[in-house]
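Trainee: The primary structure of each chain is shown beneath.
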Amino acid sequence: MIKAIGNMIDKMLTGPPQRYQGVMGIFFYVDDATHAVTALRGMGHKNLSVYSPVPHHTIEHALEQGPSLVRWITAVGAALGLTGGFALCIYSVYSYPLVVGGKELVSLPPFVVIGYESFILIGSLANLFGMLALGRLPQVKSKAPYDPRFTEDKIGIWVPCSGEAATRVQETMRGHGAEEVKLHA
Amino acid sequence: MSEELTYEAQATKEDLASPEHVAGTMTQKKLNDDLLKLISVPGPIWWGLFLLDLAILSLGLIAERNQIALGIGVAGHTRPAMWASYVTNFVFWVGIAHCGTLVSAILFLFRSHFRRAVYRIAEAMTVFGVLTAGIFPILHLGRPWFAYWLFPYPNQRQIWPNFRSPLEWDVFAVTTYLTVSSIFFLVGIIPDAAAARDRAKNPYMKLIFTIFSFGWTGGNNQWKHFYGAYLYFAAFATPLVLSVHSVVSWDFAMAQIPGWHSTIFAPYFVAGAIFSGVAMVINLLIPIRWGFKLEHIVTDDHIEKLAKLVLLTSTIVGYSYLVEFFCAWYGPSRFEREMFWNRFFGHYWWAGWIMFTCNVIIPLLLWFKKIRRHMPVLFVIMLFVNVGMWFERFVIIVSSLSHPFNPSGWDVNYRMSWSEAAILAASFAWFGMFFLIFIRLLPAFSVAEIKETLVAPMRGRKAS
Numbered sequence: 001m002i003k004a005i006g007n008m009i010d011k012m013l014t015g016p017p018q019r020y021q022g023v024m025g026i027f028f029y030v031d032d033a034t035h036a037v038t039a040l041r042g043m044g045h046k047n048l049s050v051y052s053p054v055p056h057h058t059i060e061h062a063l064e065q066g067p068s069l070v071r072w073i074t075a076v077g078a079a080l081g082l083t084g085g086f087a088l089c090i091y092s093v094y095s096y097p098l099v100v101g102g103k104e105l106v107s108l109p110p111f112v113v114i115g116y117e118s119f120i121l122i123g124s125l126a127n128l129f130g131m132l133a134l135g136r137l138p139q140v141k142s143k144a145p146y147d148p149r150f151t152e153d154k155i156g157i158w159v160p161c162s163g164e165a166a167t168r169v170q171e172t173m174r175g176h177g178a179e180e181v182k183l184h185a
Numbered sequence: 186m187s188e189e190l191t192y193e194a195q196a197t198k199e200d201l202a203s204p205e206h207v208a209g210t211m212t213q214k215k216l217n218d219d220l221l222k223l224i225s226v227p228g229p230i231w232w233g234l235f236l237l238d239l240a241i242l243s244l245g246l247i248a249e250r251n252q253i254a255l256g257i258g259v260a261g262h263t264r265p266a267m268w269a270s271y272v273t274n275f276v277f278w279v280g281i282a283h284c285g286t287l288v289s290a291i292l293f294l295f296r297s298h299f300r301r302a303v304y305r306i307a308e309a310m311t312v313f314g315v316l317t318a319g320i321f322p323i324l325h326l327g328r329p330w331f332a333y334w335l336f337p338y339p340n341q342r343q344i345w346p347n348f349r350s351p352l353e354w355d356v357f358a359v360t361t362y363l364t365v366s367s368i369f370f371l372v373g374i375i376p377d378a379a380a381a382r383d384r385a386k387n388p389y390m391k392l393i394f395t396i397f398s399f400g401w402t403g404g405n406n407q408w409k410h411f412y413g414a415y416l417y418f419a420a421f422a423t424p425l426v427l428s429v430h431s432v433v434s435w436d437f438a439m440a441q442i443p444g445w446h447s448t449i450f451a452p453y454f455v456a457g458a459i460f461s462g463v464a465m466v467i468n469l470l471i472p473i474r475w476g477f478k479l480e481h482i483v484t485d486d487h488i489e490k491l492a493k494l495v496l497l498t499s500t501i502v503g504y505s506y507l508v509e510f511f512c513a514w515y516g517p518s519r520f521e522r523e524m525f526w527n528r529f530f531g532h533y534w535w536a537g538w539i540m541f542t543c544n545v546i547i548p549l550l551l552w553f554k555k556i557r558r559h560m561p562v563l564f565v566i567m568l569f570v571n572v573g574m575w576f577e578r579f580v581i582i583v584s585s586l587s588h589p590f591n592p593s594g595w596d597v598n599y600r601m602s603w604s605e606a607a608i609l610a611a612s613f614a615w616f617g618m619f620f621l622i623f624i625r626l627l628p629a630f631s632v633a634e635i636k637e638t639l640v641a642p643m644r645g646r647k648a649s
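Residue numbers (our numbering), protein chains in the order written: chain A, 1 to 185; chain B, 186 to 649.
In case anyone wonders, no lab produced these hints; they're calculated from the structure.
Don't be surprised by glycine CBs; every beta carbon is placed ideally from N, CA and C.
Worth double-checking, as some hints may not be accurate.
Residues from chain B that face chain A, not an exhaustive set, calculated with beta carbons under 7 Å [to be verified]: (1) Pro-322; (2) Ile-323; (3) Ala-358; (4) Ala-385; (5) Lys-386; (6) Pro-388; (7) Gly-403; (8) Trp-408; (9) Ala-641.
Below 27 Å or equal to it, Euclidean Cα-Cα: the simulated BS3-like pairs (lysine-lysine) are [said to hold, decoys possible]: (10) Lys-182/A / Lys-478/B; (11) Lys-3/A / Lys-215/B; (12) Lys-143/A / Lys-222/B.
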């Protein structure tokens with residue numbers, strides 16, 4: 001029974017075989033991968049993807065990646081949290097007015113704590129959802145043929161292409177020190 | 186061929202001399218093997234600890250059942266000390282929870298690389314510590330099923346919580362802390378869960394890692410947004426760390442009770458929380474690195490740096506004790522003076538002296554480098570620190586409440602009941618249960634971040 005469920009899980013996680021069209025090059029050395037990225041982008045393959053166990057600044061520069069847009073989503077969330085926290089406190093005292101000791105109903109200093117905590121809470125949640133949305137997570141289907149070595153010590157460069165272009169990409173990858181180059185047609 | 190290559194072969198002399206550098210002959214592949222070996226079928230020692238843990242937890246559950254059936258009177262609360270062990274435990278566990286985010290977020294912002302080897306354990310401790318702390322205000326309600334009244338929600342009576350109350354601030358601070366710390370913890374695990382997923386053979390484990398990894402592939406787009414967001418998590422978590430224990434301290438400081446009504450409470454509590462939290466991290470790291478033979482990952486240097494943090498915060502805590510006494514002596518309030526005299530020479534004199542000895546005198550040993558690097562001795566010192574910090578909260582709460590303005594209350598003293606003692610023991614078991622499961626189920630060390638300390642493999646060829 002346990003084994004049967006295990007097999008089912010295995011089947012579910014593996015999924016049906018995917019069809020990809022392009023070239024996957026596997027590199028060990030970071031500088032080789034960086035030079036390959038520069039060369040491939042120079043050949044016009046701007047939509048290539050790089051897979052690596054850790055991020056490398058040299059590859060990021062070669063890819064000409066700008067800063068993540070997640071910060072804007074976070075800023076909007078934080079602003080909403082701050083205003084929402086104060087708004088909740090102010091709304092609550094007006095919706096059930098109870099004057100104590102002749103003091104003002106809206107007393108901002110104690111509400112600062114609620115506003116501050118809400119600012120952090122909603123800002124962090126926006127940051128999380130921004131990261132997941134922009135990073136396309138959770139990812140059920142990989143957009144390139146995945147290799148488990150990418151979380152170990154290998155760097156993968158995936159170039160979606162076909163035909164003549166694929167041949168040139170393979171040559172370029174080999175020329176830049178790829179350990180393996182696989183054509184997916 | 187490439188697997189046999191060691192990064193040290195290409196490292197510069199400065200790289201190798203750096204204390205952050207992972208010692209020995211290490212490759213990225215070997216690092217995966219070393220750090221992910223913790224995730225395996227538990228052995229008899231683990232099962233023995235887990236069963237002992239569950240037995241203690243059961244005792245606490247019996248005590249709580251007793252309290253629900255018979256009422257809050259089974260706790261030793263006696264007027265005027267109506268806040269006693271439960272609030273002490275709450276503050277203690279919030280303090281323990283404090284360190285994880287400090288080590289992780291603040292040290293991340295300051296680019297202090299020694300955090301990489303220790304932060305996952307510290308973050309786990311934070312999440313489990315807050316989960317433990319959060320139980321105590323609910324138990325202290327007496328009618329825990331009404332705990333949801335603490336939260337603001339639209340209801341037919343149009344009644345809202347009192348947002349001017351420090352207790353309501355606490356609800357917001359602690360729930361925000363739990364949420365943000367959990368997010369920070371789980372987001373950090375994503376790349377490591379993917380590494381565990383890629384080597385898992387058991388389909389059930391593979392499913393768990395797939396869920397925790399969110400289908401991570403390590404693509405450049407994922408890394409970009411991951412680190413983009415991680416920086417902001419750290420930026421949010423840092424002021425949050427400082428605010429949470431400040432808010433907890435205001436539960437007391439906003440009241441007019443002698444011994445509580447003090448403006449130094451916020452920084453004093455924050456320093457105390459970091460002090461006890463870092464001590465607990467050391468208490469957890471020493472047996473883990475010894476048990477799993479990870480001395481080359483969590484080095485003596487890492488532990489020594491944490492010990493220095495304990496020493497620093499110990500001096501801040503000791504200074505705060507002295508300032509409190511000075512203010513009581515120099516200030517105009519006779520009640521305050523009486524209260525502080527009572528702390529060390531009154532009914533609870535023993536608690537006051539345990540606090541002072543464990544938090545101020547014993548940590549002085551950490552001035553010696555040999556002691557900071559002697560793991561068994563360090564472990565024992567950290568145990569004393571945690572005992573001392575529990576007693577600090579006991580002294581602040583119980584001895585202050587037992588000595589109010591009205592002298593008629595001075596003769597009635599609080600004694601801990603067996604139910605409270607069982608629940609206190611169960612809180613450690615509750616925390617331990619999560620921790621034991623965590624180290625066997627999820628990567629207890631950040632594989633991806635420790636990998637970054639290795640020198641990246643470079644062939645050294647010029648671009649063609």
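Trainee: Each hint should be assessed against the structure and marked as holding or not.
Mentor: Hint check:
Proximity of Pro-322/B to chain A is violated relative to the hint, the smallest CB-CB distance being about 16 Å (cut-off 7 Å). Look at Ile-323/B: its Cβ only gets to about 19 Å from chain A, farther than 7 Å, so that hint breaks. Because the beta carbon of Ala-358/B sits about 6 Å from the nearest beta carbon in chain A, less than 7 Å, this interface hint is met. Because the smallest distance between the Cβ of Ala-385/B and any Cβ of chain A comes to about 10 Å, over 7 Å, the interface hint for this residue is violated.
Checking Lys-386/B against chain A by beta carbon gives a least distance of about 10 Å; that is not within 7 Å, so the hint is violated. Annotation: interface hint on Pro-388/B holds; nearest CB of chain A at approximately 4 Å, less than 7 Å. A cut of 7 Å between beta carbons decides the hint on Gly-403/B: the least distance to chain A is about 5 Å, and the hint holds. The interface hint given for Trp-408/B holds, since its Cβ lies 4 Å from the closest Cβ of chain A, which is under the 7 Å cut-off.
For Ala-641/B, the suggested interface contact is upheld, since its CB lies about 5 Å from the closest CB of chain A, less than 7 Å. Restraint check: the Cα-Cα separation between Lys-182/A and Lys-478/B comes to about 39 Å, which exceeds 27 Å; the hinted pair is violated. Taking the CA atoms of Lys-3/A and Lys-215/B, the gap is near 31 Å; set against the 27 Å cutoff, the hint is violated. In summary, the hint linking Lys-143/A to Lys-222/B is not supported, as the alpha carbons are separated by about 30 Å, beyond the 27 Å threshold.
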